[in-house]
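Here the protein sequences line up with chains A and B, keeping their order. One gets the numbering used here by counting positions in the first sequence from 1 and adding 653 to each. One gets the numbering used here by counting positions in the second sequence from 1 and adding 19 to each.
If you're looking for bench data, these hints aren't it; they were derived computationally from the structure. Backbone N, C-alpha and C define an ideal beta-carbon position, used for all residues, glycine too. Please note that a few of the clues may not be correct.
[What the hints assert, rightly or not] Heads up, simulated SDA-like pairs for lysine to any residue below, C-alpha to C-alpha not over 25 Å straight-line:
1) A:K724 with B:W435
2) B:K122 with B:F297
3) A:K792 with B:V415
4) A:K792 with A:V773
5) A:K724 with B:A160
6) B:K122 with B:R220
[Claimed, not checked] Label pairs and their calculated CB-CB ranges:
7) B:M495 with A:A670: 49 to 55 Å
8) B:V486 with A:A777: 54 to 60 Å
9) B:G479 with A:P741: 51 to 57 Å
10) A:P741 with B:I40: 36 to 42 Å
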Amino acid sequence: MRKPSQGSVAALLIGVATLTYLGIGLGYRLGTPARPGSGFFPLVLGLAGLGLAAMCLLRADRASRLAARPKAVVFVLAVIVFAALIEPAGFIPVGIGFTALMVRLLGSRNPWQIAVMAVVVPVAMYALFVEGFGVVLPKGILGWIF
Amino acid sequence: MDILSTVANGFSAAGSAQNLIAALVGAFLGTVVGVLPGLGPTAAMSLLLPATFGLEPITAIILLAGIWYGSQYGGSTTSILLNMPGEATSVVTAFDGYRMALKGRAGAALFVSAVGSFLAGLIGLVGLAIAASALSRFALAFGPSEYFAIAVFGMLVLFNVSEGSAYKAALLAVLGMMLGTIGLDSVSGTARFTFGNMHLRDGIDLAAVIMGVYGIAELIEQLSGEAAQPAAVKSIRFRDLYPTRTELGRSIGPMFRGSVVGFVLGLVPGPAGVISTFVSYRLERRLSRRPEEFGHGAIEGVAGPEAANNAVTSASMIPLLSLGLPFSAPAAVLLAGFMVHGVAPGPGLIQNNPDFFWGLIASMVIGNVALLILNLPLVGAFVSILRLPRHYILSVVGLLLLGGAYAASSSTMTLWIAIVSGVAAWAVRPFGFDPAPLVLGLVVGPIIERSLRQSLALSGGDVSALVLQPLFGTLMLIAIVIVVVGVLRGARCRSTP
Numbered sequence: 654m655r656k657p658s659q660g661s662v663a664a665l666l667i668g669v670a671t672l673t674y675l676g677i678g679l680g681y682r683l684g685t686p687a688r689p690g691s692g693f694f695p696l697v698l699g700l701a702g703l704g705l706a707a708m709c710l711l712r713a714d715r716a717s718r719l720a721a722r723p724k725a726v727v728f729v730l731a732v733i734v735f736a737a738l739i740e741p742a743g744f745i746p747v748g749i750g751f752t753a754l755m756v757r758l759l760g761s762r763n764p765w766q767i768a769v770m771a772v773v774v775p776v777a778m779y780a781l782f783v784e785g786f787g788v789v790l791p792k793g794i795l796g797w798i799f
Numbered sequence: 020m021d022i023l024s025t026v027a028n029g030f031s032a033a034g035s036a037q038n039l040i041a042a043l044v045g046a047f048l049g050t051v052v053g054v055l056p057g058l059g060p061t062a063a064m065s066l067l068l069p070a071t072f073g074l075e076p077i078t079a080i081i082l083l084a085g086i087w088y089g090s091q092y093g094g095s096t097t098s099i100l101l102n103m104p105g106e107a108t109s110v111v112t113a114f115d116g117y118r119m120a121l122k123g124r125a126g127a128a129l130f131v132s133a134v135g136s137f138l139a140g141l142i143g144l145v146g147l148a149i150a151a152s153a154l155s156r157f158a159l160a161f162g163p164s165e166y167f168a169i170a171v172f173g174m175l176v177l178f179n180v181s182e183g184s185a186y187k188a189a190l191l192a193v194l195g196m197m198l199g200t201i202g203l204d205s206v207s208g209t210a211r212f213t214f215g216n217m218h219l220r221d222g223i224d225l226a227a228v229i230m231g232v233y234g235i236a237e238l239i240e241q242l243s244g245e246a247a248q249p250a251a252v253k254s255i256r257f258r259d260l261y262p263t264r265t266e267l268g269r270s271i272g273p274m275f276r277g278s279v280v281g282f283v284l285g286l287v288p289g290p291a292g293v294i295s296t297f298v299s300y301r302l303e304r305r306l307s308r309r310p311e312e313f314g315h316g317a318i319e320g321v322a323g324p325e326a327a328n329n330a331v332t333s334a335s336m337i338p339l340l341s342l343g344l345p346f347s348a349p350a351a352v353l354l355a356g357f358m359v360h361g362v363a364p365g366p367g368l369i370q371n372n373p374d375f376f377w378g379l380i381a382s383m384v385i386g387n388v389a390l391l392i393l394n395l396p397l398v399g400a401f402v403s404i405l406r407l408p409r410h411y412i413l414s415v416v417g418l419l420l421l422g423g424a425y426a427a428s429s430s431t432m433t434l435w436i437a438i439v440s441g442v443a444a445w446a447v448r449p450f451g452f453d454p455a456p457l458v459l460g461l462v463v464g465p466i467i468e469r470s471l472r473q474s475l476a477l478s479g480g481d482v483s484a485l486v487l488q489p490l491f492g493t494l495m496l497i498a499i500v501i502v503v504v505g506v507l508r509g510a511r512c513r514s515t516p
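Modelling step: build the complete structure from the supplied sequences, incorporating the hints.
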């Protein structure tokens, strides 16, 4: 049996997501033609999405492939860790870790360069957001300083 | 109040210190964004959206609009000097601009590009001022069925002109509309698809999705590929910027034609900026007495497309400012900017808040003048940004994106939305899925749903009453013709060996 192409898998996943949406959407009130309920539009969208996902599945491009290099995977994991830790640890500590990793991933091997970038960028950005733009960013474990 | 005093009030509003600074900063940042490959105006505008929270509404919109039109100027610089387009709209400029640079005429190409962009910017703004004012007066009489018709028409046209296949664009637009249904139903107040999460009751944050699909996805892409190092750029002396009389003579016609082409195509939903540059290029080659020079350094191939992509920016604002309907991704971010500041674009804005509308137009005139004056002397400085090591630029951009996504709502919800949408957009990108329809679906979807439900309620559920309305019928007829032509053209392309 021929292995399904990545394009088919992508279309299939979109189809499954659409089907899930439709399933949940059917739980809302459909209403009447004169007074459509909150489930009316999700039903229309769900059906349209399923039809289009089926078309994408049938016409999936077999040649195209997703090229995920290890660096990209590490970056995705890093942003997930960043999001998980930003509130408990604070923007600056997670920013330091994230920036150090990014600079290293992008090719710098100079430890001084990595250290300076890792400290300067998050601190400058925190100052810019909080003092310059008046936006709230979590202080976290450094709350006693600010 | 007569029109002249209204325009004067607009210039007075735009001339205030903070608005002037916002226009200049926006235009400057836009140019930098245009120079940098990868970070486009849409992502940059979303990034700066949280930064505008503390600003006056008009100042915030002036800043965001400045990034949009400024990026069109910046994109051409790297196309001409390095054959490395900063924006998709500058790809065509590289065809002849880079050839001119190889022949030692980079200065002339940059000059013609800047003047063409400026001229198109002004022509586009005059067109925007006239068309948006006229359309807004007309649109005051629009009811929900008219809004429904225009929104659906826009989306149908978008599917046909999007990059990649129409059904993939349609699928992503539907997915965007599905995301748009998350949160409180605006008609009944029912919470939909929120799973009990209070943060989701306000809906999916547009800025977070845009930061994800245009910012985080781009960063993953950059880390997945080999880094292209820009070639060394020779410094350009100021006196080298002047084109010869012949070059100038050959550029004037293409600048005007490009402006008209860009303005007309800018009214079409979708990637009008890119399309307009190709149309303008083809038009100039067809009209030229020396078509064989195209691709080898024809100055018309720079002047026309550069004018076209700038005129598109002004034209794309017409549906947004006069109807409140964005039909391009940057316009969607601008709408988010309006919404964040509690200003509703649409016919009411121009009629009831003319100072805001004319202030924005005036600021764009000022911004275009500033770009013309500053861009040419600063060409070397802008290009030197590209010489900065990649780890400096991308690590700053990465943290700025994550911080900006958090700051959009001061909660991790928007950060997670940005991450999930970014990873998903990157994962489906190789299979021909362009994210623009998803973003537009997210913005236009709620408008379509609300206007459809209101229309059905007003007609007592009679669909024929909706279909038989003159505007609805006409627009749907045009949309059907466009769809059929698109399908037939696609079928013919497939059958041609």
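Hints, verified against the model:
For a cut-off of 25 Å, the pair hint linking K724 (chain A) to W435 (chain B) stands: about 20 Å separates their Cα positions. Taken as a hint, the K122 (chain B) and F297 (chain B) pair is honoured in the structure, with Cα atoms around 23 Å apart against an allowance of 25 Å. Under the criterion of a C-alpha separation no larger than 25 Å, the hint pairing K792 (chain A) with V415 (chain B) is consistent with the structure, at around 19 Å. Restraint check for K792 (chain A) and V773 (chain A): satisfied, since their Cα atoms lie roughly 16 Å apart, inside the 25 Å limit.
With a C-alpha separation of about 55 Å, the suggested pairing of K724 (chain A) with A160 (chain B) is violated against the 25 Å cut-off. At most 25 Å may separate the alpha-carbon atoms for a hinted pair to count; K122 (chain B) and R220 (chain B) exceed this at roughly 59 Å. About 29 Å separates the C-beta atoms of M495 (chain B) and A670 (chain A), a value inconsistent with the hinted range of 49 to 55 Å. A C-beta distance of roughly 58 Å is found between V486 (chain B) and A777 (chain A), which places it inside the suggested range of 54 to 60 Å.
For G479 (chain B) paired with P741 (chain A), a C-beta distance near 55 Å keeps the hint of 51 to 57 Å intact. The hint said 36 to 42 Å for the Cβ distance between P741 (chain A) and I40 (chain B), and at roughly 38 Å that hint holds.
Violated hints, listed in ascending order, are 5, 6, 7; each of the other numbered hints is respected by the structure.
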